[in-house]
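Here is what each chain is made of, one letter per residue.
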Amino acid sequence: MNKIIKELVTPFVAIIIAILIGACVMILTGHNPLTAYGALFSGAFGSTVNLSNTMANAIPLILSGLGVAIAFKAGLFNIGAEGQYWIGSMAAVWIGYSVHGLPPILHISLAVLVSILAAGLWAGIIPGLAKALVGAHEVITTMMMSYIAIFLSHYMLENGPMMQPGFVPQSPVILPSAMLGKIVDRTQLSWGLVIALVVCVIVYWLLYKTTLGYRLRAVGLNSRAAKYAGINVSFNLVLALFISGMLAGLAGVVQMLGVQHRLYDSFSSGYGFTAIVVAILANNNPFGVILASIFFAALSTGGQSMQLVSGVPAHLTDVISGIIIFLIASKDVISLVQKRWRRRHSLAPVKEA
Amino acid sequence: MLWDTLARPDLWAATLAMATPIALPALGGTFSERSGVVNIAMEGIMLIGAFFGVLFSFYTHSAWLGLLGALLMGALISALFAYVTVSLGADQVIVGMSINIFAAGLTAFLLNTIFGYGGTPRETPALPNLTIPGISDIPFVGPILGSQNVVVYLMFFLVFASHYFLFHTNLGLRIRAVGENPQAADTAGLNVRNLRYLGVMIGGMLSSLGGVYLALGLLNSFEVNMSGGRGYIAMAAMIFGKWTPFGSLGAALLFGFATALSMILQGGGISSNIIQMLPYALTILALTGLVGRSTAPAADGIPYNPNK
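Protein chains in written order, with the numbering used here: chain H, 67 to 419; chain P, 25 to 332.
Take these hints with a grain of salt, some might be off.
What the hints assert, rightly or not - According to the in silico footprint, chain P covers these stretches of chain H (three or more CB under 8 Å from chain P): (1) 205-218; (2) 338-352; (3) 375-387.
These are calculated hints, taken from the structure and not from any lab test.
Heads up, the beta-carbon is just placed ideally off N, CA and C, and yes, glycines get one too.
The whole structure should be built from the sequences, with the hints applied where relevant.
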């Protein structure tokens, strides 16, 4: 219990400080922070519809956030979740509209399987092998693969093979047999939420209750020690990126089958990048990912009504997100500095001698 | 058909125009990483430069003061970045990301707060295009090199100056030394911390200048997220250019060419989207050693702790 509280302190303090800074900015720009935050809160949680939409927004964040977190646990920074999300989305929509005559359960399963495999390979093969074989840094390779994926989706949609007949660059709508049902009617909240929660438990189990998870974490903590303990580091690096990509891809699948039902031409979904922020705020804890996802989803749905009601531009929520991550990154440092300072003081006489 | 396209001077003029906002932050990244600090915050710093360039230019009625103000803000935000990563030893990639998110939010927020929802004012003074007498009259070369925005020429100058600074001056050698082996540099009496601050802050100003070019050179307005990923492409250019000024320029020209070609080919023949993938694919190939292995400075990304 104490351990849980300890883990919650840092993100909690970071959030409070960021919200206070946000309030100062509002006061400086002539807005009332209480009205603004009130509007944000009720816009995010104030009614069944708002709450449902916030939860719906949280689903792709939970899944891609888990993906980034599992890579972090193996010592890898998968910055390309956005691209893996697109690969998953493309594959899911393609299966969704082109495969006919399957019952829903099979159609959905097929779409999920093919898509997460595609996204997993997208992350695992090139960035994974490049890291394992020649040590190419995964921050760069996954980011580059991400842009390639986004341009691939432009190619598919802009007069490409996946474009619906007509002039609008978008794919056909998926068949009803591939759609996930809604939990709450007339909102975006689909049964994808259950998928996300189940996957979260699976990821926890995988990381902490299996040999595979133990090996991944060992590689992440100290790859050299892991190697001497007989763990195949290269294999585990590729595997970690593969699983990470599958999860980010699943975020795309659930978003396509549950909410969008077709692929639109766009520069970014935003989910893949927010996923990194989610994983950092959650300190890579699978259950923390759920909380962090709901938090950022609330910021984004609530931000819109904050702008409408109080006139504070919704972009202020991005400023707040940036500050939170900045504080968390430097908070680790602050405790480190304290520790070092204490140690230095206890060692000081020895050092002088 | 291909030769006809390649013979069009506007293709090459656009290549230069598109390469400049990649070359400047790539040069900035080179300074930062040569001193041993991984900087993925170029994207955010470009936005800061672009927004504050417009803001200062509008209120001072001078595009040059706008540029100056933007450089100052670029230096300021990278000083903050340097404080947390160099002095406190925080994770450089995570802090860089947080700055990108923060800068995107801040500039969009300030845009709406200060200028409303209708965009920045049209009467904002812009940086001028220069017409170089003599060159601008030469056929083919004239339309390419003879009348570009002043920042394009400045960029060429800065590439040469950076090469000279990094590889032919004492201070440049010192910056590279703390990026390769900070322990040895420290032992030799160099101030690792200050040199890294210097590298990061020069880098920040160069990235900021890239943003100024977008806002005051190309478009004469600030738009939300107008850097459009160029800070990340710049990182690719820096790596593809093997962490050198000339290499960064060469890569930026290649990437700028890909963009210009895709703009000109729009709607015809080869898909422009496929062409635009090339820079990213080439960068991966360069990193894996398939086309001339790129190796980062040895201490790149590792915070230096003198007590260890």
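Structure-based check of each hint:
no. : hint    : in the structure
1   : 205-218 : holds (count 10)
2   : 338-352 : holds (count 4)
3   : 375-387 : holds (count 8)
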